[in-house]
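J.: Listed below are the residues making up each chain.
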Amino acid sequence: MKISLSWLRRYVDIDVPVEELCDKMVMSGFEVEGIEDLSETMQNVVAARIVRLEKHPDADKLQICTMDIGAEETVQIVTGADNVFEGAIVPAALHDSHLPNGMHIKKGKLRGVPSNGMLCSGEELCLKDSDYPGAEVYGILILNEDIVPGTDMREVLRLNDTVIDFKITANRPDCNSVLGVAREIAVALKTEFRLPAPSYKTVEDDMKNHIDIEVTDYDLCPRYLGRVVKNLRIAPSPDWMKDCLKAAGMRPINNIVDITNFVMLETGQPMHAFDLRDIAGAKIIVRRAKDGEPMTTLDGKDHTLTSDMLVIADAENPSCPAGIMGGLNSEIKEDSQDLFLECAKFRRDSVRRTARALGMRTESSARFEKGVDIHTVEYAMERALQLIDELDAGDVLGGVIDRYESLPAPRVLTVKADSITDLLGVSVPHETMAEILNSLCIETTLEDGVLTCRVPSFRDDVEGRADLAEEVMRIYGYDHIVGTPMTGAVTRGKKLPERIKTDRIKALLCANGLQEITTYSFIGSKAIDLLKLPADDARRQAVVLKNPLGDEYSTMRTQLFTSMLTVMATNFNRKAKAVRLFEVSKLFIPKALPLTEQPIERPALSIGLYGDGESFFTLKGLIEQLFAAFDLTVKYVRSNEPFLHPGRQATVMCGDTAIAVFGELHPDTAEEVGLTTRAYVAQIELPALFEAESKLVLYKPLPRFPAVERDLALLCDAELPAADIEEAIRLGGGKLLESVKLFDVYQGAQIEAGKKSVAYSLWFRSNEGTLSDSDIEPALNKIFKKLEEKGCTLRA
Amino acid sequence: MKQQLEALRVEALAQLDALSSQKEIEDFRIRMLGKKGELTALLRGMGSVPAEERPVIGQMVNELRQLLEEKLETKASVLASEAKNARLAAETIDVTLPGEQRTVGGLHPLNNVLEDLIDIFRSMGFDVVDGPEAETDYYNFEALNVPADHPARDMQDTFYLADNLLLRTQTSAAQIRTMENRKPPIRIICPGRVFRADEVDATHSPVFHQVEGLVVDKGITMCDLKGVLEQFAREIYGPQTKVKFRPSFFPFTEPSVEVDVSCSECGGEGCRVCKGTGWIEILGAGMVHPRVLSGCGIDPEEYSGFAFGIGLDRLTTTRHKISDIRLLFENDVRFLDQF
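As they're listed, the protein sequences go chains X and C.
Okay, so the first sequence: first residue is 1 according to the working numbering, each after it adds one.
Okay, so the second sequence: first residue is 1 according to the working numbering, each after it adds one.
In short, the hints are calculated from the structure, not lab data.
Some clues are possibly wrong.
Covered stretches of chain C, going by a simulated chain X footprint (3 or more residues, C-beta under 8 Å) [what the hints assert, rightly or not]:
id, stretch
1, 80-94
2, 119-133
3, 248-255
Distance ranges between label pairs, derived from CB positions [unchecked claim]:
id, chain 1, residue 1, chain 2, residue 2, range
4, C, G99, X, A722, 54 to 62 Å
5, C, L327, X, V637, 39 to 47 Å
6, X, F705, C, R31, 36 to 44 Å
7, X, A409, C, H204, 41 to 49 Å
8, C, H204, X, T452, 45 to 53 Å
9, C, K275, X, V637, 53 to 61 Å
10, X, L496, C, L327, 28 to 36 Å
11, C, L327, X, V426, 38 to 46 Å
12, X, G748, C, S81, 47 to 55 Å
13, C, H204, X, L496, 36 to 44 Å
14, X, T452, C, L327, 53 to 61 Å
15, C, H204, X, T306, 32 to 40 Å
In this text the structure is predicted, and so the values were computed from the model without any measurement.
The beta-carbon is built from N, C-alpha and C at its ideal position, and this holds for glycine as well.
Take these sequences, add in the hints, and give me the full structure.
T.: Below, the structure written as structure tokens:
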């Protein structure tokens with residue numbers, strides 16, 4: 001909320017520098033979002049009289065002005081304007097002056113004639129006609145001839161003011177008003193707050209002779225107050241009022257519109273003026289709209305209403321949506337004679353919903369949405385009538401129509417002062433508590449350590465002990481809060497098992513040189529197409545945001561591949577030679593679509609590798625390590641993901657459940673994503689790892705006897721999986737076989753087509769003694785037999 | 001015989017001095033002391049020596065043999081050590097050449113900072129809990145004292161998944177789930193991902209991260225809140241760090257405060273980082289609203305508590321002086337490798 005100091009000073013004395021004022025307000029709960037010194041924008045510009053005007057010897061369009069700037073010596077300025085004349089008072093920007101449009105004026109020569117500044121147009125001073133009469137005329141701004149030469153233009157234009165932008169928190173709708181902020185300033189500066197006491201004269205005619213008001217829906221309109229003003233004398237507002245409105249960011253229009261805006265800003269209570277002659281049947285009806293009822297608002301837009309919207313109607317049609325914007329047919333016009341003035345409280349959720357449904361948001365609707373005070377309705381009306389009378393804008397009629405069902409009694413809170421101390425942890429003297437609350441207009445008495453507080457209706461946010469504690473503390477000062485170490489029962493600081501296991505997984509991957517990445521949880525609606533999944537693939541069933549920032553961020557991901565591929569491609573395009581990446585994040589799996597309950601959030605891990613030395617098997621090695629770390633026994637079987645290389649991909653099975661898929665990226669997908677190198681990706685479902693029981697490691701005695709090593713070179717069908725050969729060796733080897741390790745695979749010219757050569761190292765060991773050749777003979781024979789069954793022959 | 005022996009001795013010692021390799025040493029040993037060596041030959045000629053001189057000559061021969069053996073050994077070890085020194089000298093390398101490094105991976109900077117926070121708060125007895133990112137309206141708003149159509153909902157632009165389901169806008173939702181499931185004393189933090197409909201720019205991201213803190217017990221005061229936050233701020237920003245409370249508003253705490261820490265860059269003098277104020281805003285906090293407590297079945301007359309919400313992304317960017325939050329989600333390895 002932007003407010004000028006001069007407006008605030010109408011209600012409170014401010015004797016401290018503006019920075020100090022702002023500091024104090026920040027520390028009592030009113031953040032300052034900006035301080036604008038209006039005078040800063042214009043420097044060294046004065047009103048000056050043209051004493052003499054001469055033609056420029058070398059330029060037809062230029063004139064040489066001798067200017068009286070209120071000093072002993074005159075100043076010579078050359079101008080190109082032709083609306084100047086001798087004796088005119090004009091704004092002169094002197095040497096080294098600054099204009100609000102950003103210009104910096106210095107002395108110089110124009111066609112050889114010295115010019116010590118510049119005469120200014122209204123436009124150059126950023127003025128409109130409403131700021132100064134004639135400001136929009138083409139040419140130099142001609143000022144009022146009464147102005148004494150030498151007067152600072154800031155004084156002429158009343159720019160010696162500062163505008164402060166206060167951020168008002170949602171719990172303080174009362175401070176969306178100049179009076180509310182002034183009241184808080186008075187408390188912060190420990191000075192007096194002067195609330196204007198409205199009084200005005202009325203003419204001898206009762207408004208009830210001219211109009212009637214009916215409220216049919218008190219649930220949406222708890223109070224509706226109307227008055228009538230006749231014989232309008234529409235004119236520009238006085239400067240002081242225009243200045244206040246401009247500082248607040250509102251454009252002055254005429255006295256009637258300006259008064260309703262001024263009172264809205266001053267009291268926080270929106271008002272609306274209707275042209276009395278446009279109210280059909282001389283009746284205002286506050287009712288719910290009928291479904292499909294049409295209406296045109298002040299901005300010329302047509303709307304179709306629904307039955308949950310509140311409207312202000314006359315005997316025939318709805319005129320405007322309540323509390324949002326006036327209707328086109330009943331607005332105040334230049335020739336309006338009489339006006340009906342509305343001041344009401346509309347329910348905030350109703351205004352909010354209607355404003356959203358109609359796509360409108362106004363100063364008025366914003367205030368109703370935040371909540372206006374039912375008693376301020378009356379005060380604001382009185383204040384508006386006072387101003388109408390004061391500015392002689394019309395004749396106020398006697399009589400009032402004030403419709404409400406009931407006015408709530410002030411809330412009375414009874415709280416032990418010590419209970420406030422208990423919450424704060426510092427003891428504020430009880431008397432000080434009472435003083436602070438009273439200064440905030442919360443009438444408080446203290447008796448036997450008990451505070452009895454009458455909360456004014458505009459402080460609807462103060463409901464109990466905690467609110468009173470906050471009121472006391474923000475004024476007493478939060479710097480009184482002193483940090484203390486917590487006492488109480490000792491607690492442990494546990495981590496969830498899932499977090500502990502995730503940490504282990506991450507540590508293992510980091511140790512293998514992988515870097516963690518973090519990507520958004522939502523992807524584009526078409527992103528999944530990159531994976532070329534069939535239409536019935538479950539991963540295409542995704543949770544979709546109802547109001548995404550754009551299609552790019554619209555769909556909760558059901559897999560991590562697309563995000564990983566995007567990051568890999570980004571790095572590849574930025575010339576990273578090799579990357580090893582991983583991400584741990586959640587997948588969002590809908591239980592049913594459309595969504596009726598929270599989706600399943602399943603933690604998953606993705607891995608992405610590319611670069612020299614990377615292969616299907618470097619990726620598989622990582623995955624093996626991962627499962628080994630959790631003592632999970634898994635099987636690797638061929639898979640058929642369309643986005644992976646058809647011959648270089650596998651699913652990892654844990655029992656009957658697929659818990660991971662990995663492989664080399666299909667060249668088509670690689671090309672599509674812009675990753676034109678061999679790349680390897682994996683996705684691992686983490687619940688399988690979380691559920692694995694972590695076994696305590698039990699020490700196995702170190703071997704006391706040496707192992708016997710045998711190498712086997714085998715020839716077999718190229719198609720025979722290595723896993724089958726190893727299984728055969730293990731079956732045959734029995735207890736003595738300690739380990740098997742593949743050390744060579746060969747296919748090529750040296751052996752017959754369709755065959756491959758594989759070589760294994762076998763280690764045999766016994767705990768009973770050193771093994772001799774004859775000891776391992778039976779085991780080897782069994783191995784040979786098992787291998788023969790698989791079609792393997794020993795190579796010579 | 002004596003003269004022959006003496007001549008051999010002089011000759012042998014002279015030759016021995018000139019030896020310059022292990023091979024020459026070996027050759028010399030064979031030539032002198034071998035079975036067919038000169039000294040052995042001399043010994044064989046003992047037959048021509050009168051019997052009474054034989055012991056003397058014999059002794060001289062043995063002495064010479066012993067002397068030569070000793071000298072040979074010394075010579076051999078000198079040569080060996082010279083050879084070793086020569087080899088070591090030849091093996092000299094440029095120690096300023098770069099070392100060979102194994103690539104070590106690393107956590108994302110957000111999680112690096114999070115790990116620090118978890119350590120700090122666990123040491124103060126806070127459990128680390130988790131909560132769903134797709135939340136119900138009840139847990140994200142209603143139970144946190146933000147009823148439907150409340151203006152406070154405007155403070156956060158919410159992504160909706162269905163009428164009643166949304167992406168959580170704050171980890172505060174975890175407060176409610178915790179209080180429903182645990183009895184006081186409660187001390188938890190809930191780190192997690194949150195979502196708000198903010199357009200992407202240098203300081204805003206529709207996806208970001210918070211660490212929610214909650215303490216509920218008998219006799220918890222605002223001074224306890226400040227004590228915990230001071231501890232946290234000093235661990236993160238340095239032991240001299242000061243903490244300041246400013247009044248603020250959150251629907252689920254009362255009183256509510258914004259928490260500033262003294263600028264670690266200038267120590268509170270005022271600089272570019274803190275925009276001349278000497279303070280940096282790091283989090284929002286407050287005493288748990290009595291309505292939130294009672295909504296979770298905790299009697300606000302008996303128990304009190306505080307809550308705070310740390311913006312992890314902002315903490316990370318300010319701590320590492322990262323100028324643009326988008327860098328955190330772009331995952332350029334040249335950026336990630338720096339942490």
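J.: Against this structure, judge whether each hint is valid.
T.: Each hint, compared with the structure:
1. 80-94: violated (count 0)
2. 119-133: holds (count 12)
3. 248-255: holds (count 5)
4. G99(C) x A722(X): 54 to 62 Å: 37 Å, violated
5. L327(C) x V637(X): 39 to 47 Å: Cβ of L327(C) to Cβ of V637(X): about 40 Å, so the range 39 to 47 Å holds.
6. F705(X) x R31(C): 36 to 44 Å: At 51 Å between Cβs, range violated.
7. A409(X) x H204(C): 41 to 49 Å: 45 Å, holds
8. H204(C) x T452(X): 45 to 53 Å: 47 Å, holds
9. K275(C) x V637(X): 53 to 61 Å: 60 Å, holds
10. L496(X) x L327(C): 28 to 36 Å: 30 Å, holds
11. L327(C) x V426(X): 38 to 46 Å: Check passed, 42 Å falls within 38 to 46 Å.
12. G748(X) x S81(C): 47 to 55 Å: 53 Å, holds
13. H204(C) x L496(X): 36 to 44 Å: 30 Å, violated
14. T452(X) x L327(C): 53 to 61 Å: 56 Å, holds
15. H204(C) x T306(X): 32 to 40 Å: 35 Å, holds
Hints 1, 4, 6, 13, counting from the list given before, are not met by this structure.
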